[in-house]
Amino acid sequence: MIEEKSFLLLNEEEFERFFKENEKAAFSFAYSILLNREDAKDAVQEGFMKFYKAKKRIDKNRNFKAYLFQIIKNVCFDMLNSRKQTEDIENIALKESKDRIETMDRKKIIKEAMRILNKQERMVISLLTFEGFSSREVGEIMNISDSTVRNHFMSGRNKMKNFIIKNYPEYARAL
Amino acid sequence: MNCKDVQKLLPLYLKKLIEEPMLSEISSHVENCLNCKKALEFEKEITRGIEELFETEFREIKHDFSTSANTRKANGRKTFTLIKKITLAFAATIILTAGLLFFKQTRNFKSIVVTQPKIETVKISEPLIKDIVFIDGKLKTKVNKLGNNVYLVQIQGGQND
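Residue numbers (this note's numbering), protein chains in the order written: chain A, 1 to 175; chain V, 1 to 161.
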């Protein structure tokens, strides 16, 4: 982990290390918002690019990992706004729920279950799935309180569980 | 605390986002309740599913990167990581700016490609020739100024064009 005090001196090698350390979590976070692999990849690249450009303007005492995720969140929201995908995603979710896939593929079931959640719930779940962020840091990234983070996490996960039990009872029973 | 309440809190319990004394209460309940034990296993399965989803989607992206990188390698081109792309973008901006400035200053020029030793006279009416530059420094060359804007350039040999 790179020390905050050396942040302003972040050289190419340190930035690459920072990139590698956070690449997967950043991708998962972007994916949880956009629900699209290619868009998530673009958002992560743009996010890191913006972070790199802004690095000398960042307060030394700031949590710069949280700052990176805030940038990525904003990039994702811009992408959603510019492509007017917010409604589309919800429509896709409903359509896919109706055309229920008759398979026990865990990944597909989880993907489908995630689609019924709202953005806030998906974001919290993705940020808390990979170790590294406390609920307080997640709150900082999303500009919400610690308790709201916990509430989103609990409601999101319970929605997913209920969706699976309702739509894939065979899968739920098999466990 | 009944089963319904416990099961609702299981995601937070798994993530250790619950403080005492509730934490101990849930622990002992799950320990003694078969239904809640199963529910806990189900929550763990969902967590694994979420991790798997992110992991496989991420792997696909990395695979796309490496596939395109291999294609580039096959074509003899260099593979760039994101950091290198960023560096390249900055470098390209600087080079482009410098190049434009240079081009602006030297837009009136004449270049000759020489494959064999030869003597060539280059005449440019205007503007005034300030300098004659040889791109390949390995060539043996000789330049004589014959008059205003008239130079005798002798390329006497070398390994490259």
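Note that these hints are calculated values from the structure, not bench results.
Keep in mind that a hint or two might mislead.
What the hints assert, rightly or not - Result set (DSS-like, lysine-lysine): computed pairs, CA atoms no more than 25 Å apart in a straight line: (1) 44(V) - 53(A); (2) 16(V) - 159(A); (3) 4(V) - 166(A); (4) 166(A) - 62(V); (5) 62(V) - 159(A); (6) 107(A) - 38(V); (7) 53(A) - 24(A); (8) 108(A) - 24(A); (9) 62(V) - 53(A); (10) 108(A) - 166(A); (11) 111(A) - 166(A); (12) 107(A) - 44(V); (13) 107(A) - 24(A); (14) 37(V) - 107(A); (15) 55(A) - 24(A); (16) 38(V) - 166(A); (17) 62(V) - 4(V); (18) 55(A) - 111(A).
Exercise for review: Of all the hints given earlier, name the ones this structure violates by number, lowest first.
Suggested key: 1, 4, 5, 17 and 18
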